[in-house]
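Trainee: Protein chains in written order, with the UniProt record's numbering: chain A, 1 to 341; chain B, 1 to 341.
It is possible that some hints are incorrect.
Which copy? The list can't say, so a pair holds if one copy fits it or any two copies do.
Unchecked claim - Simulated pairs of lysine to aspartate or glutamate, EDC-like, Cα-Cα distance not exceeding 20 Å:
#1 K143 - D50
#2 K54 - D145
#3 K143 - D49
#4 K275 - D169
#5 K24 - D50
#6 K24 - D49
#7 K143 - E304
#8 K54 - D114
#9 K43 - D169
#10 K54 - E236
#11 K143 - E247
#12 K143 - E321
Because the hints were derived from the structure by calculation, they are not lab data.
Protein chains: 2
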Amino acid sequence: MSISGARGTVTMHDVAARAGVSVKTVSNVVNDYPHIRPATREKVQRAIDDLGYKMNLSARSLRQGRTGIIGLALPELSLPYFAELADSVIRAAEARGVVVLIEQTGADRQHELDVLTSDRRQLTDGLIFSPLELGPDDADALKVDYPLVVLGERIFGGDWDHVTMNNVDAARAATQHLIDQGRRRIAVIGAHAGETMGSAALRVLGYQAALAANGIPLDPDLIVEGGLWHRATGAECVAHLVDSGVEFDAIFGLNDALALGALHALHARDITVPKDVAMIGFDDIEDASYTSPTLSSISPGREEIAQEAVDLLLARIAGGEDPYRRVIADFTVMPRESSGA
Amino acid sequence: MSISGARGTVTMHDVAARAGVSVKTVSNVVNDYPHIRPATREKVQRAIDDLGYKMNLSARSLRQGRTGIIGLALPELSLPYFAELADSVIRAAEARGVVVLIEQTGADRQHELDVLTSDRRQLTDGLIFSPLELGPDDADALKVDYPLVVLGERIFGGDWDHVTMNNVDAARAATQHLIDQGRRRIAVIGAHAGETMGSAALRVLGYQAALAANGIPLDPDLIVEGGLWHRATGAECVAHLVDSGVEFDAIFGLNDALALGALHALHARDITVPKDVAMIGFDDIEDASYTSPTLSSISPGREEIAQEAVDLLLARIAGGEDPYRRVIADFTVMPRESSGA
DNA sequence: CTGTTAGCGCGTTCAA
DNA sequence: TTGAACGCGCTAACAG
């Protein structure tokens, strides 16, 4: 019998010996197996407490073939949207008894591919994957042999669940919101040239649809490219717009970080929001409620996305064989000061 | 021999059989054991590739008593400072070949205690712990039998490493910066009554020291309580200040989130920053560079903190027996528009 | 309701 | 330089 204080030294056998039962009984107790005599349970529990026994989770994982860990791969936690998403995912996972291992891909294509085949996948029972660079052409890379839930754009052709939002409709609603405030020269910042299926492309599509629906001509000069959706990029886009001399009376930031950077750049140029330029973002990060002026945005239902993703993943891990699903989270327009609503 | 494509089915035995060697040799190859004949190594590597072998990390963990996972316990990722810290910790860990399991304590005292004794500690080789509620009285709870690095305030009396910053000096510098701009009625928001050793208490101490050093009388009405250091709290503090009728010409937000909320509340009341009220925050989150006006702050050397914490933890995990260390990260005053510097 | 036993896949002796 | 055998701590069969 080992009664050392060293870590991981106390095993089920020690507990069993002290309680005068078999290891199986100890196992039953710690796993809340239903049919145990109260006296036995208590005896075992006392032995556990006395010895300070903690189950060796590696051994359990080896035996069960499951770790109780799910992976979450996202671009980076410094981006507020992903930090808030991770927060929600961790909460949802905790409520369901699993923990979360976060991997940052840095919005790097190779890194996104690596994460799918990394050794670490052996450590997780499944993966919630939020790709930024991968697209429909990479469907093959996503054909993995473990449970996978893809967040964001839909990538066709494989055995995985999706949790997405309707980017086109949401972007259309955002643009319509600006139009409803009487704006007609609406710039959009953060576009990705050449992309056809990513968030950027879909949101630009929604933007164009809204213009068309209102008979507003599309001016290509109002569509500003911007690679990484960081605040700095938003500021650069505004610099570009202003320097180019294009007239504009509103800006649709393809995400909030871009919009925050844009707000900053406008302010630096003494361009008043919303008087001179109205603005709306996308994601409804917490910041949006605290900027000056507060930032109108699209709330993508982050909490719902996180919970659905965790639920879908756990169902697959549990062996669910249902057809692969696509969950489309609801969005909401959040009018705030920046759009003058 | 199993050549199924099912997950985790290929073992070292399968690889050994295909390569015509023993498992020991395969193990040597995958662990980069130095003395292997090139031909053997190549043979084994080919078998690994052919079979798509991935090592079972649970088995390795069981055998070695180490998982290659470190825990990171922090209040919540929705707080930008902690999101950025987590980002840095994950990067530092990745560079050193380990992964990070994040647990959110929600700044709840019981949750902070639980995290220290949770079963999940069996899953991690050590823990980087950033407590908010625990203080010197809880030193006993921190006496754990696994490697531990404590971030933030120093908690005396146990076997663990600290990575802290000089809160008093940094707060003094922040306050001095406001004084240097000619401000004399400096409010501080986010104070915690009754606390003696936490960040709040130490920073208020630095604030008081700066006033004293400049012969400015201390007005208790300028010290505003605020529990959670969220944006909403900052806004409430300003509401309280304004409603109380106290005169003030500057605000020191004990962290940036408070300062952001305060900026928002001032703006809503048409109080101009920095003309009417100068402001400085603490943490230098990315937001601080993008608000309107940009927010002066104290940069706590987040990157340095993260790297030191990971290094210290890994040294302990590796069995380092050096005396427990206290690393004090450097801070920098970041003057921006909000303080009118 | 509880005990016995046989692996899960790996690293690590000890030999050869 | 490589091979054979054992056991890390646990759970799942199967008894009883």
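Trainee: Would you mind marking each hint as holding or not holding in the structure?
Mentor: Hint by hint, here is what the structure shows:
With identical chains, the CA atoms of K143 and D50 are at most 20 Å apart between copies only, with a shortest distance of 18 Å across copies and 48 Å within one. Proximity of K54 to D145 under the C-alpha cut-off of 20 Å is restricted to the inter-copy arrangement: shortest distance 12 Å between copies versus 32 Å within a copy. When the C-alpha separation of K143 and D49 is checked against a cutoff of 20 Å, the pair qualifies only between copies, where the shortest distance is 17 Å, while the shortest distance within a copy is 46 Å. In this homomeric assembly, K275 and D169 never come within 20 Å of each other (Cα to Cα): the closest approach is 26 Å inside a single copy and 43 Å across copies.
In this assembly of identical chains, the alpha carbons of K24 and D50 lie at most 20 Å apart only when taken from the same copy (19 Å versus 40 Å across copies). Taking CA atoms no more than 20 Å apart as the test, K24 paired with D49 passes inside one copy only; the shortest distance there is 18 Å, against 39 Å between copies. In this assembly of identical chains, K143 and E304 lie within 20 Å of each other by CA distance neither inside one copy nor across copies; the values are 25 Å within and 39 Å between. In this homomeric assembly, K54 and D114 come within 20 Å of each other (Cα to Cα) only across copies, at 14 Å, whereas the closest approach inside a single copy is 34 Å.
For the identical chains of this complex, K43 and D169 are neighbours neither inside a copy (61 Å) nor across copies (55 Å), given an alpha-carbon limit of 20 Å. With identical chains, the CA atoms of K54 and E236 are never at most 20 Å apart, being 54 Å at best within one copy and 44 Å at best between copies. Taking the shortest alpha-carbon separations for K143 and E247, neither the intra-copy value of 47 Å nor the inter-copy value of 64 Å comes in at or below 20 Å. In this assembly of identical chains, the alpha carbons of K143 and E321 lie at most 20 Å apart only when taken from the same copy (16 Å versus 46 Å across copies).
Of the numbered hints listed earlier, those contradicted by the structure are 4, 7, 9, 10, 11.
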